[in-house]
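Undergrad: Sequence order for the protein chains is A and B.
When you read off a place in the first sequence, starting at 1, and then add 9, the result is the number in this note's numbering.
When you read off a place in the second sequence, starting at 1, and then add 1459, the result is the number in this note's numbering.
Hints may contain errors.
Stated by the list, open to error - Here are the simulated lysine-lysine pairs, BS3-like style, with alpha carbons at most 27 Å apart:
{"id": "1", "chain 1": "B", "residue 1": "Lys1497", "chain 2": "A", "residue 2": "Lys107"}
{"id": "2", "chain 1": "B", "residue 1": "Lys1495", "chain 2": "A", "residue 2": "Lys107"}
{"id": "3", "chain 1": "B", "residue 1": "Lys1486", "chain 2": "B", "residue 2": "Lys1527"}
{"id": "4", "chain 1": "B", "residue 1": "Lys1515", "chain 2": "A", "residue 2": "Lys107"}
{"id": "5", "chain 1": "A", "residue 1": "Lys75", "chain 2": "B", "residue 2": "Lys1556"}
{"id": "6", "chain 1": "B", "residue 1": "Lys1515", "chain 2": "B", "residue 2": "Lys1566"}
{"id": "7", "chain 1": "A", "residue 1": "Lys64", "chain 2": "A", "residue 2": "Lys75"}
{"id": "8", "chain 1": "B", "residue 1": "Lys1515", "chain 2": "B", "residue 2": "Lys1556"}
{"id": "9", "chain 1": "A", "residue 1": "Lys23", "chain 2": "A", "residue 2": "Lys73"}
{"id": "10", "chain 1": "A", "residue 1": "Lys107", "chain 2": "B", "residue 2": "Lys1523"}
{"id": "11", "chain 1": "B", "residue 1": "Lys1527", "chain 2": "B", "residue 2": "Lys1556"}
{"id": "12", "chain 1": "A", "residue 1": "Lys50", "chain 2": "B", "residue 2": "Lys1497"}
{"id": "13", "chain 1": "B", "residue 1": "Lys1476", "chain 2": "B", "residue 2": "Lys1515"}
{"id": "14", "chain 1": "A", "residue 1": "Lys50", "chain 2": "B", "residue 2": "Lys1495"}
{"id": "15", "chain 1": "B", "residue 1": "Lys1486", "chain 2": "A", "residue 2": "Lys50"}
{"id": "16", "chain 1": "B", "residue 1": "Lys1510", "chain 2": "A", "residue 2": "Lys107"}
{"id": "17", "chain 1": "B", "residue 1": "Lys1519", "chain 2": "B", "residue 2": "Lys1476"}
{"id": "18", "chain 1": "B", "residue 1": "Lys1523", "chain 2": "A", "residue 2": "Lys50"}
{"id": "19", "chain 1": "B", "residue 1": "Lys1556", "chain 2": "A", "residue 2": "Lys29"}
{"id": "20", "chain 1": "A", "residue 1": "Lys73", "chain 2": "B", "residue 2": "Lys1556"}
{"id": "21", "chain 1": "A", "residue 1": "Lys107", "chain 2": "B", "residue 2": "Lys1486"}
{"id": "22", "chain 1": "A", "residue 1": "Lys50", "chain 2": "A", "residue 2": "Lys75"}
{"id": "23", "chain 1": "B", "residue 1": "Lys1497", "chain 2": "A", "residue 2": "Lys29"}
{"id": "24", "chain 1": "B", "residue 1": "Lys1510", "chain 2": "B", "residue 2": "Lys1527"}
{"id": "25", "chain 1": "A", "residue 1": "Lys107", "chain 2": "B", "residue 2": "Lys1556"}
{"id": "26", "chain 1": "B", "residue 1": "Lys1476", "chain 2": "B", "residue 2": "Lys1566"}
{"id": "27", "chain 1": "B", "residue 1": "Lys1556", "chain 2": "A", "residue 2": "Lys50"}
{"id": "28", "chain 1": "B", "residue 1": "Lys1519", "chain 2": "A", "residue 2": "Lys50"}
{"id": "29", "chain 1": "B", "residue 1": "Lys1515", "chain 2": "B", "residue 2": "Lys1527"}
{"id": "30", "chain 1": "B", "residue 1": "Lys1566", "chain 2": "A", "residue 2": "Lys50"}
{"id": "31", "chain 1": "A", "residue 1": "Lys50", "chain 2": "B", "residue 2": "Lys1476"}
{"id": "32", "chain 1": "B", "residue 1": "Lys1527", "chain 2": "B", "residue 2": "Lys1495"}
{"id": "33", "chain 1": "B", "residue 1": "Lys1556", "chain 2": "A", "residue 2": "Lys64"}
{"id": "34", "chain 1": "B", "residue 1": "Lys1495", "chain 2": "B", "residue 2": "Lys1566"}
What the hints assert, rightly or not - Now the in silico label distances, taken between C-beta atoms and shown as ranges:
{"id": "35", "chain 1": "A", "residue 1": "Met54", "chain 2": "B", "residue 2": "Gln1473", "range": "30 to 38 Å"}
{"id": "36", "chain 1": "B", "residue 1": "Thr1536", "chain 2": "A", "residue 2": "Ser24", "range": "47 to 55 Å"}
{"id": "37", "chain 1": "B", "residue 1": "Thr1479", "chain 2": "A", "residue 2": "Thr91", "range": "37 to 45 Å"}
In short, the hints are calculated from the structure, not lab data.
We treat Cβ as the ideally placed atom computed from N, Cα and C, and that holds for glycine.
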Amino acid sequence: GAVVSQHPSWVICKSGTSVKIECRSLDFQATTMFWYRQFPKQSLMLMATSNEGSKATYEQGVEKDKFLINHASLTLSTLTVTSAHPEDSSFYICSARKRQVIDSYEQYFGPGTRLTVT
Amino acid sequence: SQELEQSPQSLIVQEGKNLTINCTSSKTLYGLYWYKQKYGEGLIFLMMLQKGGEEKSHEKITAKLDEKKQQSSLHITASQPSHAGIYLCGADSGTYKYIFGTGTRLKVLA
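For reference, chain B alone in the conformation it holds in the complex (with noise of 0.2 Å):
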């Protein structure tokens, strides 16, 4: 079966750090999809990366899909207290049914 190995599984860093966090499938990803989600709450849509080598970017944060579809990276440039949160990518498995990564805790220190 498919699985997602997110690193680090958590990052403390400095407002104002940039940091990088990782998703790698054990399979070629179909649609990778990052969210945000503070514990207790709901998942925040952040991005989808369906072709490879695909890059995107919302305000401060930029994802990419390798072209092998298999490994993402999620930048955030200039991170604030407010990047703060668990951070999940999610990829379909072929089904419709999505699996998800880990996780990553960031913790950001104003």
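Same shape as in the complex, but just chain A (with noise of 0.2 Å):
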């Protein structure tokens, strides 16, 4: 199997504070794993490519120093919201590729997290 786990499912946080979100690849490693943002009624959009012991990739538009990406190990990423805002509140799903598989693109979805700023 290729499972990838998301935590926390949601969250609440007032306007200001920092989240932080994990995603893990549970029965693979992962070399390189993926951050979307999805708004309501909206397809999801990528934000970050994160690769394992080197510095996330950020799409254009994205703040690097708003979404601080880790991917400290070859099973897990985390996404940091930094002085989260309401404008913020979304639904960040991360992905991940397997390590050692050449040429493919499959990549293997998280639940995702449901973010809420008040």
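Assemble the dimeric complex from its two separately framed chains, guided by the hints.
TA: This is the structure we're talking about:
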């Protein structure tokens, strides 16, 4: 299998605080993990690509100082939303790509985390 | 940059009817994925297509990728309320990064 978990599944925080979201590959090693954001009635938008042991690559328009990504191990990537504001409220989904699978583009998705900033 | 356009944006059908969702890419697709999602929940993988002209089926859902690998269709036969949700096509952009289509919201009336 290829299971990806996210924690927490939902979180409510106050404006100005920071919140961390974890993404774990449970039964495989992931050299690359991706973070997506989804607003209501919209599609998924890639925020950043996280590679184990190196800095994340952010998509255009995504503030790297606001959305801190750490890929500390081959099974864990974290997204920290710093100084959260109500406009950061969204559904965040991570995905992972298996290690040592050459030319495989398949990604395995986590169940998502709903963030509400009050 | 590559874009994926889905049509229709939304669809309401009577239970038992057939329907088709299209996904059109602005560039050649390296791999095309179909997912189903209920908003606020994760993605459910449906099918992956890689070769031009490829067609795959699972239960009542059939997906095709055209020969030029720029368009894919998802066809549901004899739709059921359980088919309701958001259908997303996704594709590798050639750099292991996915882009997603605009999404199609499907509602099936019992």
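Undergrad: For each hint, tell me whether it holds in the structure or not.
TA: Status of the hints after comparison with the structure:
1. Lys1497(B) - Lys107(A): holds (25 Å)
2. Lys1495(B) - Lys107(A): It holds: about 21 Å lies between the C-alpha atoms, which stays within 27 Å.
3. Lys1486(B) - Lys1527(B): Holds, at about 10 Å.
4. Lys1515(B) - Lys107(A): holds (23 Å)
5. Lys75(A) - Lys1556(B): holds (21 Å)
6. Lys1515(B) - Lys1566(B): holds (23 Å)
7. Lys64(A) - Lys75(A): holds (15 Å)
8. Lys1515(B) - Lys1556(B): With Cα atoms ~23 Å apart, Lys1515(B) and Lys1556(B) stay inside 27 Å; holds.
9. Lys23(A) - Lys73(A): Holds, at about 21 Å.
10. Lys107(A) - Lys1523(B): Within the cut-off at roughly 25 Å; holds.
11. Lys1527(B) - Lys1556(B): With Cα atoms ~21 Å apart, Lys1527(B) and Lys1556(B) stay inside 27 Å; holds.
12. Lys50(A) - Lys1497(B): holds (10 Å)
13. Lys1476(B) - Lys1515(B): At roughly 20 Å apart (the allowed maximum being 27 Å), Lys1515(B) and Lys1476(B) satisfy the hint.
14. Lys50(A) - Lys1495(B): The given pair, whose Cα atoms are some 14 Å apart, holds under the 27 Å limit.
15. Lys1486(B) - Lys50(A): Between Lys1486(B) and Lys50(A) the Cα gap is close to 25 Å, so the pair holds against 27 Å.
16. Lys1510(B) - Lys107(A): holds (21 Å)
17. Lys1519(B) - Lys1476(B): Given pair Lys1519(B), Lys1476(B) holds - Cα atoms ~12 Å apart, limit 27 Å.
18. Lys1523(B) - Lys50(A): holds (25 Å)
19. Lys1556(B) - Lys29(A): holds (23 Å)
20. Lys73(A) - Lys1556(B): holds (18 Å)
21. Lys107(A) - Lys1486(B): holds (25 Å)
22. Lys50(A) - Lys75(A): holds (24 Å)
23. Lys1497(B) - Lys29(A): holds (24 Å)
24. Lys1510(B) - Lys1527(B): holds (9 Å)
25. Lys107(A) - Lys1556(B): OK: Lys107(A) and Lys1556(B) at ~13 Å, within 27 Å.
26. Lys1476(B) - Lys1566(B): holds (12 Å)
27. Lys1556(B) - Lys50(A): Given pair Lys1556(B), Lys50(A) holds - Cα atoms ~22 Å apart, limit 27 Å.
28. Lys1519(B) - Lys50(A): Since the Cα atoms of Lys1519(B) and Lys50(A) sit roughly 25 Å apart, the hinted pair holds (cutoff 27 Å).
29. Lys1515(B) - Lys1527(B): holds (17 Å)
30. Lys1566(B) - Lys50(A): At roughly 14 Å apart (the allowed maximum being 27 Å), Lys50(A) and Lys1566(B) satisfy the hint.
31. Lys50(A) - Lys1476(B): holds (24 Å)
32. Lys1527(B) - Lys1495(B): holds (24 Å)
33. Lys1556(B) - Lys64(A): holds (16 Å)
34. Lys1495(B) - Lys1566(B): holds (13 Å)
35. Met54(A) - Gln1473(B): 30 to 38 Å: For Met54(A) and Gln1473(B) the Cβ distance comes to about 33 Å; the hint holds.
36. Thr1536(B) - Ser24(A): 47 to 55 Å: holds (48 Å)
37. Thr1479(B) - Thr91(A): 37 to 45 Å: holds (44 Å)
The structure shown violates none of the earlier numbered hints.
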